[in-house]
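Residue-level listing of the chains:
There are 2 protein chains.
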Amino acid sequence: MERKDEIKYWFRGLQSSIIQALEKEDGSGIFSEEHWERPGGGGGITRLLKDGSVIEKGGVNFSAVHGETPEPIKRSFQSDAKDFFATGVSIVIHSRNPFVPIIHMNVRYFELSDGNSWFGGGIDLTPSYVFHEDGVFFHSALKEVCDQFDMSWYPQYKSQADSYFYIRHRNETRGIGGIFYDRLAAKEPENFAKLWEFTKQVGSAFAPIYTTLMARRKDTPFTPEQKFWQLHRRSRYVEFNLVYDAGTKFGLETNGRVESILMSLPPMACWESNYVPTKNSPEFESQKYFDNSTDWI
Amino acid sequence: MERKDEIKYWFRGLQSSIIQALEKEDGSGIFSEEHWERPGGGGGITRLLKDGSVIEKGGVNFSAVHGETPEPIKRSFQSDAKDFFATGVSIVIHSRNPFVPIIHMNVRYFELSDGNSWFGGGIDLTPSYVFHEDGVFFHSALKEVCDQFDMSWYPQYKSQADSYFYIRHRNETRGIGGIFYDRLAAKEPENFAKLWEFTKQVGSAFAPIYTTLMARRKDTPFTPEQKFWQLHRRSRYVEFNLVYDAGTKFGLETNGRVESILMSLPPMACWESNYVPTKNSPEFESQKYFDNSTDWI
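Chains H and U supply the protein sequences, listed in that same order. Sequential numbering of the first sequence, starting at 16, is according to this note's numbering. Sequential numbering of the second sequence, starting at 16, is according to this note's numbering.
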C-alpha cells in the first residue's frame with residue numbers, strides 16, 4: 016500500500032474510534048455524518064454533535080484531498096509540484112459545562128508530487144476554569160507521547176504551541192497550550208517511519224485524554240455566572256480563530272468548505288466590554304494562567 | 016480656528032448630541048463615559064451603553080489623535096509626512112429586539128503634515144429581519160444627504176458599501192448596506208468646504224434615522240426563535256468584523272485600544288453549524304436580501 020493510502024485509512028479509522036469514545040463519555044449525543052467530495056479530487060467526512068449531555072457542539076472531521084496543486088500552496092511551499100495530496104483529522108469540542116475544557120486536535124500529512132512530504136499537528140486545551148491538576152495531567156500525557164521519540168520534542172512543541180495559540184491584541188493565550196508542530200519533513204524513509212509513528216501516537220492519545228477530563232468535570236454543578244465566564248472565554252476563542260489561526264485563514268482564502276472550517280467556532284459566545292474578573296475570584300485565578308508562564312511538568 | 020480643531024470640536028459635539036438622542040429613545044439606558052489619552056498625542060472619549068431597554072450594547076466613540084506618523088500609516092498613504100492628525104466618531108449599536116437593526120456609522124478626518132488631508136466614513140444598516148419599507152426609508156435618507164452635494168455620490172457610495180460590507184466566505188452581505196466612502200481628498204479649499212459640509216450632514220443624519228427605526232420596531236414582541244435568528248445573524252457580523260473590516264485589522268495590528276476597536280462586537284452571538292432557514296419563513300425572506308441585489312430607491 017502507498018504511504019498516502021496507509022495514512023488516509025488510518026486517519027479514517029482514528030475518526031471512527033474517537034467518535035465512539037466521545038459518544039460513550041457524552042452518554043446521549045450522537046454525531047451526524049456527512050460525506051463530501053472535493054471538485055478537484057478527494058473529499059471527506061464531517062461529523063458533528065450538537066446538544067449532547069456533555070458536548071454542546073463538537074466536530075470531528077476527516078479529509079483526504081488531492082489534485083492539481085493550488086497556487087496558494089505552491090507559494091506557501093515554494094514548490095512547482097504539479098500535484099498535491101493532503102489528509103488529516105481535525106477536532107474541536109465545546110463542552111456545555113464551564114468546568115470541562117474546550118479541546119482541539121489536528122493531525123495531518125501533506126505530500127507533493129516532487130517527492131517532498133510533511134507531518135504536522137498537535138493537541139491543545141482551552142479551559143475556562145483552569146484546574147492545575149488538569150493542566151499537569153494534560154501536559155504529562157503529551158510529554159509521555161513525545162518522550163518516546165525524542166526528549167527535545169515536548170519542550171520544543173510545547174513552546175511552539177505557546178507561541179502559536181497567542182492572542183496578540185489581548186496579550187493573552189487562548190488556553191493552556193499543549194503541543195504544536197508543523198512541516199516535519201518526512202521524505203527520508205527513516206524520518207517518515209518515526210514521524211508516522213509519532214502522529215499515530217498523538218492521534219491515539221486524544222480520546223483517553225479528553226474523556227478523562229470530561230469524566231472528571233462533567234458532573235460539577237455550575238451557576239449562570241460561571242456559564243457567563245465560559246461564554247466570555249469563548250469570545251477569545253472566536254477572536255483567535257478568526258484573526259490569527261493559520262488554518263482558518265488559509266481555508267477561507269482558498270474557498271474551502273466554510274462549515275467545516277468554522278465548525279471550530281463555539282455554539283454561543285459573549286463580548287462584554289471592559290470585563291475584568293473580580294480580584295482573587297476563581298475567574299481571576301484562571302485568567303492568570305493565560306500568560307504562558309506555567310511550567311506544567 | 017484651524018481646520019482640524021474645527022472638525023474635532025464639531026465631532027465631539029456630534030458625539031454628545033447622538034448620545035442624547037439615543038438615551039431619549041432607549042428610555043432607560045445611560046452611556047458610561049471614559050476619557051483616555053494616547054501616549055503619542057491626543058486621546059478620546061469612549062461612551063458605552065449596556066443593557067438598556069432597546070439597546071443591548073452600544074458604543075459611541077470620539078477620538079482625536081496626533082503625533083509622529085506611525086509606519087503603517089506612512090506605508091498606507093505612501094507618504095513620509097512627519098506628523099499626522101486623525102479625528103472621528105464611530106458608532107455601533109446592537110439592539111435587544113431582533114426587529115430593531117444593528118447600525119454602524121463612522122465619520123473621520125485625516126491630515127498629514129505634508130498638507131494632504133482626507134475625509135471618509137459612512138452609515139450602514141444590518142437588520143436580522145429585513146423590512147422592505149425600513150430599507151427604503153434608510154437608503155432614501157442617505158440619498159437625500161448625498162444628492163445635496165452631487166447626484167453621483169449616492170449610487171457610487173452605495174455601491175462601495177455593497178462591496179465593502181461583503182462576507183466573501185459566506186457569499187453574503189453583512190446587512191443591507193448604506194453608504195461608504197474613503198480618502199476623499201480635501202487639500203483644495205473648495206473640496207474641503209464641500210466634503211466637510213457633507214460629513215456634517217452624514218453625522219447629523221444618524222440620530223433621526225436610527226431613532227426612527229428604534230421607535231418603529233422596539234415594541235414588537237418576539238419569540239426565542241426570533242432572538243436566535245438575531246444571534247445567528249450577529250455571528251456573521253463578528254465574522255465580517257474580525258476577518259475583513261479594515262479598521263479593525265488596522266487597529267489590532269497597530270496596537271490600538273482593543274476595547275474601543277472591538278466594541279463593535281455583539282454582546283452575544285451564536286454559531287449553529289449548517290443552519291439554513293426554513294423555506295419561505297421570514298428568516299428565509301430576510302436572507303434573500305443579503306446578496307446586494309436590492310435597488311432600494
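None of these hints come from the bench; they were simulated from the model. Please note that a few of the clues may not be correct.
Identical copies look the same in the list; a pair holds intra-copy or inter-copy alike.
In the BS3-like style, the derived pairs of lysine-lysine whose C-alpha atoms are separated by at most 30 Å in a straight line are [as the list claims (entries may be wrong)]:
hint : residue 1 : residue 2
1    : Lys264    : Lys89
2    : Lys158    : Lys39
3    : Lys294    : Lys209
4    : Lys242    : Lys215
5    : Lys65     : Lys242
6    : Lys303    : Lys264
7    : Lys158    : Lys97
8    : Lys294    : Lys65
9    : Lys39     : Lys233
10   : Lys39     : Lys264
11   : Lys89     : Lys233
12   : Lys303    : Lys215
The hints, checked one at a time:
{"no.": "1", "hint": "Lys264 - Lys89", "result": "both (16 Å within a copy, 26 Å between copies)"}
{"no.": "2", "hint": "Lys158 - Lys39", "result": "within (26 Å within a copy, 60 Å between copies)"}
{"no.": "3", "hint": "Lys294 - Lys209", "result": "neither (47 Å within a copy, 52 Å between copies)"}
{"no.": "4", "hint": "Lys242 - Lys215", "result": "neither (35 Å within a copy, 44 Å between copies)"}
{"no.": "5", "hint": "Lys65 - Lys242", "result": "both (18 Å within a copy, 19 Å between copies)"}
{"no.": "6", "hint": "Lys303 - Lys264", "result": "both (29 Å within a copy, 27 Å between copies)"}
{"no.": "7", "hint": "Lys158 - Lys97", "result": "neither (38 Å within a copy, 52 Å between copies)"}
{"no.": "8", "hint": "Lys294 - Lys65", "result": "between (35 Å within a copy, 22 Å between copies)"}
{"no.": "9", "hint": "Lys39 - Lys233", "result": "within (13 Å within a copy, 46 Å between copies)"}
{"no.": "10", "hint": "Lys39 - Lys264", "result": "neither (33 Å within a copy, 42 Å between copies)"}
{"no.": "11", "hint": "Lys89 - Lys233", "result": "neither (45 Å within a copy, 53 Å between copies)"}
{"no.": "12", "hint": "Lys303 - Lys215", "result": "neither (33 Å within a copy, 46 Å between copies)"}
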